[in-house]
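Q: As they're listed, the protein sequences go chains A and B.
Heads up: the first sequence at position 23 corresponds to 22 in numbering that gives the first Met the number 0, and the numbers run straight through without jumps.
Heads up: the second sequence at position 220 corresponds to 219 in numbering that gives the first Met the number 0, and the numbers run straight through without jumps.
Hints should not be assumed to be uniformly reliable.
Said to hold, decoys possible - Between beta-carbon pairs, the in silico distance windows are: (1) B:65 to A:26: 38 to 44 Å; (2) B:65 to A:110: 36 to 42 Å; (3) A:188 to B:41: 23 to 29 Å; (4) A:34 to B:65: 41 to 47 Å; (5) A:30 to B:216: 21 to 27 Å; (6) B:16 to A:105: 50 to 56 Å; (7) B:155 to A:30: 30 to 36 Å; (8) B:204 to A:125: 35 to 41 Å; (9) B:169 to A:26: 31 to 37 Å.
These aren't lab readings, by the way, just hints derived from the structure by calculation.
All figures in this text were calculated on a predicted structure; none of them were measured in a lab.
Ideal Cβ positions, reconstructed from N, Cα and C, are used throughout, including at glycine.
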Amino acid sequence: MSGTAVDVALDVEFFCDWMGRLARAIEESCDELTRLDAAIGDADHGINMVRGMGAAMDALSSVPPRDPGSVFRTAGNRLIAVVGGAAGPLYGSAFRACAEALGSAPVVSLSRLAKALRAGVNAIQRIGAAEPGDKTMVDAWLPAVAALESTGHEPVRKAAAAAEAAAREGMLATIPMRARKGRASYLGWRSEGHQDPGATSTRLLFAALVDATR
Amino acid sequence: MIQSVDRAIRILLALQDERVLGVSEIATRLGLAKGTVHGLLQTLAAHSLVEQDPTSGKYMLGPALLVMGNVYLNSHDLRVRSLRWVTSLGEGTGLAVRLGVVVWPDVVVIHHVGPADVAVPVSEVGLVLPAHATALGKAVLAFHPERHQVISEPLPRLTGRTVTDPAVLQRELDDVAATGIAFEDQEAVVGESSVAGAIFDRSGQVVGAVALVVPAEDGGIAPALVAAVRDTARGISRELGAATWPGGN
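Input sequences plus hints: build the corresponding full structure.
A: Have a look at this one:
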């Protein structure tokens with residue numbers, strides 16, 4: 000790594016590309032998300048997320064966003080409006096909190112992105128009252144955000160990869176957990192041995208971030 | 000209380016929580032000697048209330064409990080008399096309907112009709128929900144004669160909207176007691192709201208509640224849905240012999 004810290008400047012195109020890649024990844028994983036949710040939820044996570052990200056992409060292409068914050072705001076608003084269950088309010092509020100944190104900055108540094116995503120996961124925890132270990136999307140979000148925060152001035156690609164790896168690890172760690180929040184918590188021990196669908200879609204968010212840095 | 004009966008029941012409850020447990024695990028959990036636990040398990044196994052996994056030697060709940068559970072459901076007056084009401088509330092609204100009784104701190108679902116838009120709804124009969132965070136639970140608790148003693152400790156937080164302060168919940172229950180109708184706005188799980196009506200028997204005691212589960216994205220609970228729940232709860236209460244219902248007939 001070079002000794003001179005060169006902070007990256009992520010622009011509105013980057014964020015649109017990120018959302019587009021997330022939408023495609025969600026679509027490709029729709030069946031898997033539904034299968035995971037059928038085991039411990041109400042089997043609608045895949046279809047809900049596909050519908051929500053589809054609506055987000057439609058909105059982003061019909062009114063091109065001015066800045067990175069607007070990308071998150073538009074996507075968040077659409078997710079809240081069209082996605083049922085817990086996923087809409089949780090992802091939607093997270094994206095809106097990210098938008099809030101980014102303000103109208105035309106370009107975003109890595110550390111600013113980390114701050115925005117921290118605001119996002121804070122919103123999720125505020126709404127869902129989930130703590131680490133409750134077997135929710137928080138178990139993937141928190142380590143991913145922490146990984147981004149600790150990367151400082153590394154190349155964006157490397158930082159994103161670290162976040163994705165952390166999200167993936169967090170996602171896999173939900174498998175043996177007993178759900179303590181959300182519908183899955185109604186199942187008690189029956190939720191053990193199943194990967195959390197929300198943590199799985201969260202990993203896709205960070206995987207799409209890695210793809211966008213290619 | 001008969002000590003050995005109490006211990007046997009606590010073994011059943013431990014197995015309900017953990018599904019599979021060995022003799023020493025149960026002994027540790029209950030603070031009893033292994034020999035005592037072993038004897039109790041032998042007795043329960045003789046009545047098929049527990050059974051032993053032949054490979055691991057560990058214990059789990061037995062088939063006699065399913066038989067008992069079914070007898071409970073089929074002889075439960077509230078449930079039997081509510082069936083057609085619950086079905087028609089589900090058909091009329093297209094939403095999921097739950098019928099529940101309160102075993103504080105839980106609500107146990109004793110009948111359930113899935114939402115119309117789900118092809119293969121999962122049965123929620125036997126599901127245990129947090130009473131303080133559900134419309135079902137609040138509808139019943141509001142008429143619980145000792146609710147001020149029962150609800151006194153801080154309550155578990157399940158979402159950002161859960162009412163955890165017992166004093167705040169008591170005030171909400173005062174309102175429910177005046178109308179017979181309780182609401183819940185994503186207090187148990189994010190994305191799910193609910194409205195419930197209390198059900199009374201001929202003695203005027205609250206015996207359970209019926210609830211409509213409303214997706215939060217519908218943006219609030221329409222007055223027509225509240226009216227449908229009220230009519231259902233009042234109708235079931237009347238069928239059970241209740242002379243009056245809160246807010247008049």
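Q: Confirm or reject each hint.
A: Verification of the supplied hints:
Residue 65 of chain B and residue 26 of chain A have their C-beta atoms about 42 Å apart, which keeps the hinted 38 to 44 Å range intact. Take residue 65 of chain B and residue 110 of chain A: their Cβ atoms lie about 58 Å apart, and the range 36 to 42 Å is violated. Between residue 188 of chain A and residue 41 of chain B the Cβ separation comes to about 25 Å, which falls inside the hinted range of 23 to 29 Å. The hinted window of 41 to 47 Å between residue 34 of chain A and residue 65 of chain B is violated, with their beta carbons roughly 28 Å apart.
Here the CB-CB span from residue 30 of chain A to residue 216 of chain B is close to 23 Å, well matched to the stated 21 to 27 Å. At roughly 55 Å, the beta-carbon separation of residue 16 of chain B and residue 105 of chain A lies within the given 50 to 56 Å, and the hint holds. Between residue 155 of chain B and residue 30 of chain A the Cβ separation comes to about 34 Å, which falls inside the hinted range of 30 to 36 Å. Range check, residue 204 of chain B to residue 125 of chain A: Cβ separation about 39 Å, and the 35 to 41 Å hint holds.
Taking 31 to 37 Å as the suggested C-beta distance range, the pair residue 169 of chain B and residue 26 of chain A does not conform, at roughly 48 Å.
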